[in-house]
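So the chains spell out like this:
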Amino acid sequence: MEDDGVDTEGALVEALRYDEVLRALNGGSMEPTEVKEVADVSTSTAHRILDRLEQRGVVDSQGSYRLTPLGEALLNEVVELRDSVTKLERMRPVAELLPREIGFDPSLFDDGKVTVSDEGDPYEPEWRLKSLLDSAEEVRLIGGSSSAPVAFRRVEKVVSDGGTVAVVCPEDIASASLGGLSDDGSVSVHVHGTPTATVALTDTHVYVGAHDTERGEVEAAVDTDGEDAYVWGERVYERYREEADEYP
Amino acid sequence: MGMGTDNDGCLTEYVRRGRILASMEEGTVERSRVEEIAGVSSSTAHRILSSLRDDGIVERADPGEYRLTPTGEVVAREVESFRDGVSKVRSLGTVIESADRHGVGFDTEPFKRGTVAASTPKNPYRPGERCLELLRETDQLRLLVVSTATPMFWEEKQRLVAEGRKTEIVCPEAVVETSLDTVSEETVEGLVRNMDIRVHDNPPFSVALFDDRVAVGGHADDGRLEVFADTEDDEAYAWGERVYERYRDESDGMFERFDTEDIFERIGFGMQEAFA
Numbered sequence: 001m002e003d004d005g006v007d008t009e010g011a012l013v014e015a016l017r018y019d020e021v022l023r024a025l026n027g028g029s030m031e032p033t034e035v036k037e038v039a040d041v042s043t044s045t046a047h048r049i050l051d052r053l054e055q056r057g058v059v060d061s062q063g064s065y066r067l068t069p070l071g072e073a074l075l076n077e078v079v080e081l082r083d084s085v086t087k088l089e090r091m092r093p094v095a096e097l098l099p100r101e102i103g104f105d106p107s108l109f110d111d112g113k114v115t116v117s118d119e120g121d122p123y124e125p126e127w128r129l130k131s132l133l134d135s136a137e138e139v140r141l142i143g144g145s146s147s148a149p150v151a152f153r154r155v156e157k158v159v160s161d162g163g164t165v166a167v168v169c170p171e172d173i174a175s176a177s178l179g180g181l182s183d184d185g186s187v188s189v190h191v192h193g194t195p196t197a198t199v200a201l202t203d204t205h206v207y208v209g210a211h212d213t214e215r216g217e218v219e220a221a222v223d224t225d226g227e228d229a230y231v232w233g234e235r236v237y238e239r240y241r242e243e244a245d246e247y248p
Numbered sequence: 001m002g003m004g005t006d007n008d009g010c011l012t013e014y015v016r017r018g019r020i021l022a023s024m025e026e027g028t029v030e031r032s033r034v035e036e037i038a039g040v041s042s043s044t045a046h047r048i049l050s051s052l053r054d055d056g057i058v059e060r061a062d063p064g065e066y067r068l069t070p071t072g073e074v075v076a077r078e079v080e081s082f083r084d085g086v087s088k089v090r091s092l093g094t095v096i097e098s099a100d101r102h103g104v105g106f107d108t109e110p111f112k113r114g115t116v117a118a119s120t121p122k123n124p125y126r127p128g129e130r131c132l133e134l135l136r137e138t139d140q141l142r143l144l145v146v147s148t149a150t151p152m153f154w155e156e157k158q159r160l161v162a163e164g165r166k167t168e169i170v171c172p173e174a175v176v177e178t179s180l181d182t183v184s185e186e187t188v189e190g191l192v193r194n195m196d197i198r199v200h201d202n203p204p205f206s207v208a209l210f211d212d213r214v215a216v217g218g219h220a221d222d223g224r225l226e227v228f229a230d231t232e233d234d235e236a237y238a239w240g241e242r243v244y245e246r247y248r249d250e251s252d253g254m255f256e257r258f259d260t261e262d263i264f265e266r267i268g269f270g271m272q273e274a275f276a
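Chains as they are written, first to last, in the numbering used here: chain C, 1 to 248; chain D, 1 to 276.
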């Protein structure tokens, strides 16, 4: 079989390169002139592309061209790859800002909600965190430098509504924001020198916020109710808590 | 952000660099190693790596050493799985095409997730070997067969059936002929007891229904088994049963096609007793 090594590379790249032609053909049969328009190439190039695809058994021609069943199956592979890379792209602001040691795996969050601070809404990631905490009864939170005001205000609310909260955060934040919390056991606080991200676990969701290194604010965040992501979040939380000291 | 603005170009680039990305999945990789893997000059390696760095796929670990970013790790996995998927789909090409020609629906997806054994110049018997592996583990077997297998495979299969694998086969006349010609004195009794052969002249591809796995076999024009793909998927199994039953319903009993006397003569040893 020709798939034994050498040709794979070329075939893969070709499948991607002529992706738009394949997609167009997926809708039904086409004349070379239509292919020329879709691919935005010259007539002779259109013919060459179609010839190559035909040689590979991806299209066949009876006057006009159509995708073969093999071509359809290959197109599915291309679409899958493209979709997953597009999902990754959405999450890139988060992935790029998170510190490496947190071990973020974007694929766990690929159906999650991404919020990004931008001119239109600089606090979008924090609003998102607020709304997740609003409906939570049990919260575990790693507080990065200053996911502070909104998160910690909500934490107070969760406690006063009878929920439980566990927090790992830098000492200055603990003393500034958590001083007024009750000591009846519904709150546990640990201080950690350098949590460089915000991770919140609510009853249902895991939220990961990446901080801008200069301003300290949450710059981009993603959250999901996906189970694997939640398990990952729990592991991160446990790790930070073990490294942290009890407070006060 | 290369990945966003020029998604198409980037995908091609990632796939082209798939081997480099894969090499980094285990940890950091030196630039000289990248040159080796990609088979390029030092300056080309430098260019490839800086382009991947611009895209946020790769980052510098120590001087001269590179590793994947978290995004890069996922990209590496996705490219790998794309490569694997395309290779499996192409291996299944003969099945896909003949399913289409015969108007039989065929979903590659569950088979892609299972085991796809394709023949290669280095190991042309891989599909047959996989089939035997499964045959050894199963108690029941239903087969829709396009053509005979290699002699070695065939003998082993006869032996397993003779030993007690309850087997139903729907196959073209030529396969029945081979069956008759290869019956040995030791296996004849078991074969008669355990095997039910029916004849269909034009099966689209081979289907094997094991106890809890279903497999499809794709054949070259000359009948050689090119690919054997199996899966545990329930829906695929139900599909396999439907295909098998459709062709069994269209098939003839062996004795409608072959003259009993003729069969006895060809086998030539004490068959009357066995059939009685």
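In short, the hints are calculated from the structure, not lab data.
Ideal Cβ positions, reconstructed from N, Cα and C, are used throughout, including at glycine.
Just so you know, not all the hints are guaranteed correct.
Unchecked claim - Okay, the calculated bits of chain C under chain D, using three or more residues with CB under 8 Å as the criterion: (1) 58-72; (2) 88-97; (3) 105-114.
Taking the hints in turn, this is what the structure says about them:
no. : hint    : in the structure
1   : 58-72   : holds (count 3)
2   : 88-97   : holds (count 6)
3   : 105-114 : holds (count 3)
In the structure shown, no violation is registered for any of the earlier numbered hints.
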